[in-house]
Amino acid sequence: MRSQRFVTSLMVAAALLGAGPLAAQTIKVGFMSTFSGPGAAQGDQLDKGAKLYLKLNSGKLPRGVKIDLISRDDTGANPDVAKRIAQELIVRDKVQLLTGFVWTPNAAAIAPLTAEAKVPYISMNAAGVQIVTLSPYMARVSFTLWQSCFPLGQWAAKKFKRAYTAVSDFAPGHESEEAFTKGFKDGGGQIVDSVRIPLANPDFVPYIQRIKDAKPDVLFGFNPAGKQATAMIKAYADLGLAKAGIKYIGPGDITTDEELQGMGDVAIGVITVHHYSAAADRPANKAFVAAYKKEYGEKLNPGFMAVGAWDAMDVIFNVIRAQKGKLDPDKTMDLIKHYKNPDSPRGPIAIDPDTRDIIQNEYLREVRKVRGQLANVEIETIATQLKDPWKELNKKK
Amino acid sequence: MIRSIGYGADPRVRIIEWLPWVAAIAAFFLLPEYLSLGARILTYVLFALSLDLILGYAGIITLGHSAFFGIGAYVAGILSAKLGVTEPLLLLFAAACAAGTLGMATGAVILRTHGLTQLMLTLAIAALCLEIAHKATPITGGADGLSGVTIAPILGAFKFDMFGRTAYLWCLLLLFASWWLTRKIIYSPFGATLAGIRENRVRMHAIGVPVYRRLLTAYAISAMIAGVAGALLAETNQFVGLNVLGFETSGELMVMLILGGVGRLYGAFVGPLVYLIAQDVLAKQFPEYWYFGIGLMLVLVVLFARGGILGMADALAARLRKHT
Amino acid sequence: MEAFLSSLVSVAFHGIAYGMILYVISVGLSVTMGLMGFVNLAHGAFAMAGGYILTSAISRFGLPFPLALALAFIAVAAASMLLERWLYSRLYDAGELEQVLFTIGLIFMAVAAAQVIFGMLQRPVLLPDYLKGQVPLFGRDFPAYRVFLICVSSAMIAALWFGVERTLWGAMVRAAVDNRAMAQSIGINTRRLFTLTFALGSGLAGLGGALGAEIIAIEPSYPFAHLPYFLIVVSVGGLGSLRGPFAAALLIGVSDTACKYWLPQFGAFFIYVATIVLLLWRPAGLFGKRS
Numbered sequence: 229m230r231s232q233r234f235v236t237s238l239m240v241a242a243a244l245l246g247a248g249p250l251a252a253q254t255i256k257v258g259f260m261s262t263f264s265g266p267g268a269a270q271g272d273q274l275d276k277g278a279k280l281y282l283k284l285n286s287g288k289l290p291r292g293v294k295i296d297l298i299s300r301d302d303t304g305a306n307p308d309v310a311k312r313i314a315q316e317l318i319v320r321d322k323v324q325l326l327t328g329f330v331w332t333p334n335a336a337a338i339a340p341l342t343a344e345a346k347v348p349y350i351s352m353n354a355a356g357v358q359i360v361t362l363s364p365y366m367a368r369v370s371f372t373l374w375q376s377c378f379p380l381g382q383w384a385a386k387k388f389k390r391a392y393t394a395v396s397d398f399a400p401g402h403e404s405e406e407a408f409t410k411g412f413k414d415g416g417g418q419i420v421d422s423v424r425i426p427l428a429n430p431d432f433v434p435y436i437q438r439i440k441d442a443k444p445d446v447l448f449g450f451n452p453a454g455k456q457a458t459a460m461i462k463a464y465a466d467l468g469l470a471k472a473g474i475k476y477i478g479p480g481d482i483t484t485d486e487e488l489q490g491m492g493d494v495a496i497g498v499i500t501v502h503h504y505s506a507a508a509d510r511p512a513n514k515a516f517v518a519a520y521k522k523e524y525g526e527k528l529n530p531g532f533m534a535v536g537a538w539d540a541m542d543v544i545f546n547v548i549r550a551q552k553g554k555l556d557p558d559k560t561m562d563l564i565k566h567y568k569n570p571d572s573p574r575g576p577i578a579i580d581p582d583t584r585d586i587i588q589n590e591y592l593r594e595v596r597k598v599r600g601q602l603a604n605v606e607i608e609t610i611a612t613q614l615k616d617p618w619k620e621l622n623k624k625k
Numbered sequence: 137m138i139r140s141i142g143y144g145a146d147p148r149v150r151i152i153e154w155l156p157w158v159a160a161i162a163a164f165f166l167l168p169e170y171l172s173l174g175a176r177i178l179t180y181v182l183f184a185l186s187l188d189l190i191l192g193y194a195g196i197i198t199l200g201h202s203a204f205f206g207i208g209a210y211v212a213g214i215l216s217a218k219l220g221v222t223e224p225l226l227l228l229f230a231a232a233c234a235a236g237t238l239g240m241a242t243g244a245v246i247l248r249t250h251g252l253t254q255l256m257l258t259l260a261i262a263a264l265c266l267e268i269a270h271k272a273t274p275i276t277g278g279a280d281g282l283s284g285v286t287i288a289p290i291l292g293a294f295k296f297d298m299f300g301r302t303a304y305l306w307c308l309l310l311l312f313a314s315w316w317l318t319r320k321i322i323y324s325p326f327g328a329t330l331a332g333i334r335e336n337r338v339r340m341h342a343i344g345v346p347v348y349r350r351l352l353t354a355y356a357i358s359a360m361i362a363g364v365a366g367a368l369l370a371e372t373n374q375f376v377g378l379n380v381l382g383f384e385t386s387g388e389l390m391v392m393l394i395l396g397g398v399g400r401l402y403g404a405f406v407g408p409l410v411y412l413i414a415q416d417v418l419a420k421q422f423p424e425y426w427y428f429g430i431g432l433m434l435v436l437v438v439l440f441a442r443g444g445i446l447g448m449a450d451a452l453a454a455r456l457r458k459h460t
Numbered sequence: 002m003e004a005f006l007s008s009l010v011s012v013a014f015h016g017i018a019y020g021m022i023l024y025v026i027s028v029g030l031s032v033t034m035g036l037m038g039f040v041n042l043a044h045g046a047f048a049m050a051g052g053y054i055l056t057s058a059i060s061r062f063g064l065p066f067p068l069a070l071a072l073a074f075i076a077v078a079a080a081s082m083l084l085e086r087w088l089y090s091r092l093y094d095a096g097e098l099e100q101v102l103f104t105i106g107l108i109f110m111a112v113a114a115a116q117v118i119f120g121m122l123q124r125p126v127l128l129p130d131y132l133k134g135q136v137p138l139f140g141r142d143f144p145a146y147r148v149f150l151i152c153v154s155s156a157m158i159a160a161l162w163f164g165v166e167r168t169l170w171g172a173m174v175r176a177a178v179d180n181r182a183m184a185q186s187i188g189i190n191t192r193r194l195f196t197l198t199f200a201l202g203s204g205l206a207g208l209g210g211a212l213g214a215e216i217i218a219i220e221p222s223y224p225f226a227h228l229p230y231f232l233i234v235v236s237v238g239g240l241g242s243l244r245g246p247f248a249a250a251l252l253i254g255v256s257d258t259a260c261k262y263w264l265p266q267f268g269a270f271f272i273y274v275a276t277i278v279l280l281l282w283r284p285a286g287l288f289g290k291r292s
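Residue numbers (this note's numbering), protein chains in the order written: chain A, 229 to 625; chain B, 137 to 460; chain C, 2 to 292.
It is worth saying that the hints were derived from the structure and are not from the lab. Computed from a predicted structure; not experimentally measured. Yeah, the Cβ is synthetic: ideal placement off N, Cα and C, and Gly gets one too. Heads up, a few of these hints could be off.
From the structure, some residues in chain A lie toward chain B, with a derived Cβ separation under 7 angstroms [what the hints assert, rightly or not]:
no. : residue
1   : A252
2   : Q253
3   : T254
4   : P307
5   : D308
6   : V319
7   : A337
8   : E344
9   : A399
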């Protein structure tokens with residue numbers, strides 16, 4: 229009798245011990261985006277991209293491993309809120325990975341936390357050049373403005389002699405201005421004048437008027453993707469700059485896919501350089517756009533932020549698969565540094581092992597009407613597997 | 137609105153007034169994972185206290201109180217990030233001085249006006265401060281905010297860490313000191329004149345009270361306390377963003393204070409506590425509906441429960457007393 | 002010299018267009034505050050509602066532009082009448098603080114509702130073809146829509162001023178603004194007057210929001226973002242007056258545009274400094290009553 233009980237308890241113990249590795253493991257990932265306030269439209273892009281990836285790829289995790297994506301709202305470009313929610317995710321929810329952020333200042337604010345707690349952060353959008361240098365546990369899957377504006381400047385110098393730059397007055401605006409100016413001047417062009425437009429600006433017309441009166445050959449503009457981009461293009465059209473022979477160019481943010489339909493026909497002919505267009509016809513993108521429309525509605529187009537979220541989730545999935553669900557922060561960073569994906573909706577991408585920043589193609593696009601809809605049509609690949617030019621240029625110093 | 141708080145009432149601290157402090161200390165031991173939220177609540181209680189002093193007691197409606205909060209935060213932040221001053225107490229002192237000076241300067245201007253004009257001026261001044269902070273990017277970090285704020289460990293031993301333990305106790309200590317000070321003010325003859333000015337300014341003039349000077353003093357003190365709260369935020373977050381000067385901050389503070397109950401000293405305790413906890417729990421699940429709910433709550437409070445939570449508690453207590 | 006004159010004309014033109022829209026939106030607020038003494042900070046929400054109605058009427062129901070404009074006016078006026086009867090009237094005797102808080106609460110609700118119903122992106126305004134492009138006037142090209150704006154706003158303003166100066170209703174409003182108790186005692190039904198005037202003011206705000214949707218974008222944070230401008234127009238212009246806010250709105254429109262053109266690095270700085278200076282010089286507003 230007693231020996232029977234002993235054997236039973238041994239078997240139970242063995243079963244329990246054996247069941248350990250087979251028990252479900254949940255990897256908690258903190259997803260920080262903007263769900264309220266004026267920036268909610270951009271945050272929504274990240275959310276849609278990430279959730280779509282999760283839905284379509286849930287079967288691709290190792291057996292018994294699940295992902296718990298914990299969403300938190302940073303309410304906009306509020307670094308102190310960002311720091312608070314990151315802290316709570318780390319201390320209260322005990323996440324193992326952090327991702328998200330539309331806004332650069334938010335990502336910059338959490339850098340010390342990622343280092344102190346050793347929790348890797350993968351930026352889905354926050355594009356300030358400095359971000360990944362702030363902590364060894366930060367990487368970026370989105371883009372930098374130097375990647376789009378520097379080649380644009382070089383290209384523009386071959387076609388135009390005199391340029392006027394008009395950017396929104398915040399860090400990404402300054403970066404885009406610097407990058408374009410460097411590329412344009414290096415190519416022999418002349419910057420006629422430049423203006424920095426306050427972010428909270430309701431009306432661009434006075435600025436555009438000033439630009440028209442200066443008579444440049446080309447106007448380089450940058451606004452944060454969204455309503456500002458639309459307002460700027462409207463002002464450009466209202467004042468007849470195209471008729472006056474001033475071409476409008478900029479990074480893809482000024483004709484971002486999710487807003488493009490709302491801009492109207494005035495956007496036709498605008499030339500941009502960017503790493504992603506919803507109209508691209510490579511197979512991976514066609515599949516992505518189709519899945520996006522199926523999930524969220526025929527009228528909606530994914531923009532570059534949705535793709536940033538999609539690719540970041542791919543990095544996360546890779547990291548989890550490679551470590552079979554048992555994440556170690558330093559090993560994770562090492563894996564991220566060597567990440568390559570030839571088949572992203574935007575083309576081949578990789579992470580630069582030296583800087584932990586994104587390496588990708590940049591495309592020259594023009595806004596055209598395709599089948600009755602406006603689209604950023606990719607005309608040529610202006611830069612292949614481009615590393616962030618700012619870091620390259622500053623390395624030499 | 138004021139009941140048995142104020143000059144003439146017994147100034148000794150009643151038993152029930154120790155309750156918040158006991159609760160705060162208990163929270164430190166029982167809820168270690170929520171200490172950064174706790175530090176934030178304490179900071180906002182301090183901020184609300186400063187607003188209550190001029191709104192609840194002196195009767196000045198302001199939508200620009202964030203100007204003092206913000207200047208305190210930025211002074212502390214800039215001294216630390218740009219000039220390397222990291223001693224926490226010194227930073228608080230500098231912030232209080234800066235905010236108090238701004239309070240005196242702006243108070244001198246706006247306290248001679250009233251009504252919509254006064255409201256507009258408070259708005260315009262705060263908006264102006266925001267613009268200045270926005271433009272002065274080399275000093276304030278502009279739209280990206282001021283990072284690199286480092287704070288020396290308190291007394292050389294207690295570091296401001298990720299878990300918020302030091303932050304919580306530091307905020308608690310400062311709140312206690314400010315509460316003590318505010319209480320002394322309210323129970324003093326000075327506090328009595330403030331209440332009098334709020335109720336009937338003409339009469340106060342008639343009995344010879346220097347109304348303008350009293351208001352100015354109260355405004356400056358309130359500004360100083362708000363500045364200390366701002367500096368605390370800078371110290372515990374090690375970061376200062378432009379939103380400390382924004383209209384939303386002033387508006388949110390107003391909501392918190394009204395929720396708790398204006399002019400009752402402890403409304404400033406209850407309001408932020410309830411608001412921030414509700415925000416922490418609810419805003420995560422339903423961010424759009426949170427905003428709607430806050431608006432609805434504000435409307436309902438104004439229509440049906442003007443004294444806020446404490447007002448409702450008082451009404452309830454009175455009704456119970458009637459029945460027993 | 003010619004270039005300078007040309008830019009002067011541009012700045013004046015765009016400034017006037019912007020100023021007129023500000024006026025059409027804000028005049029209702031001035032009258033409401035002067036007449037009913039009610040601090041209605043949620044006024045911008047009515048303008049936003051007008052804008053949403055216009056853009057939805059055109060894009061979802063295919064209404065022609067003029068009809069959509071009229072709809073914006075009527076619908077917002079009607080809705081505001083209901084709001085006034087049910088909610089606002091309870092607070093007429095309440096203190097300023099209560100009114101401020103109440104209307105801030107309304108703004109929160111309006112902003113959240115807009116976000117839930119219409120989403121976060123800005124609304125595209127589909128203009129009819131006859132209002133697009135440029136129009137040659139006095140030897141220069143001007144954007145057609147802004148010319149339209151100035152014309153329609155001028156017509157509205159003329160009608161409003163005529164109404165207030167020459168009609169019986171207008172006389173009653175002016176009487177009640179001057180001295181409510183007296184007006185009541187001579188038999189004017191101030192309650193009904195309030196409701197009607199409030200509806201008119203809010204309807205105008207809705208119309209202004211709809212007309213100005215091209216210049217001042219319609220999106221959920223509209224009431225917060227532009228509240229300072231509306232308040233500045235009203236407080237600098239003077240409560241209860243019609244001409245004051247007109248002058249203030251034009252002043253703000255033109256100087257804001259001029260500042261952006263010639264001194265872009267100063268941004269909104271100038272507006273706030275100017276407001277402070279003007280309010281200190283004339284606390285009751287440029288044309289307000291000196292009490």
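Hint-by-hint comparison with the structure:
For the restraint placing A252 of chain A at the interface with chain B, the shortest Cβ-Cβ distance is roughly 24 angstroms, beyond the 7 angstroms limit, so the hint is violated. Annotation: Q253 of chain A was flagged as interfacial toward chain B, and the flag is violated, the nearest CB pair being 22 angstroms apart, outside 7 angstroms. Here the hint on T254 of chain A is broken, as its CB sits about 19 angstroms from the closest CB of chain B, past 7 angstroms. Hint status for P307 of chain A relative to chain B: holds, with the closest Cβ pair at about 5 angstroms, below 7 angstroms.
The restraint placing D308 of chain A at the interface with chain B holds, with a minimum CB-CB distance near 5 angstroms, inside the 7 angstroms limit. The criterion of a C-beta within 7 angstroms of any C-beta in chain B is met by V319 of chain A, whose closest approach is roughly 6 angstroms, and the hint holds. The interface hint given for A337 of chain A holds, since its Cβ lies 5 angstroms from the closest Cβ of chain B, which is under the 7 angstroms cut-off. Restraint check, E344 of chain A versus chain B: the minimum CB separation of about 5 angstroms is within 7 angstroms; hint holds.
Satisfaction of the interface hint for A399 of chain A is found here, the shortest Cβ-Cβ separation to chain B being roughly 5 angstroms, below the 7 angstroms cut-off.
Hints 1, 2 and 3 from the earlier list are contradicted by this structure; the remaining hints agree with it.
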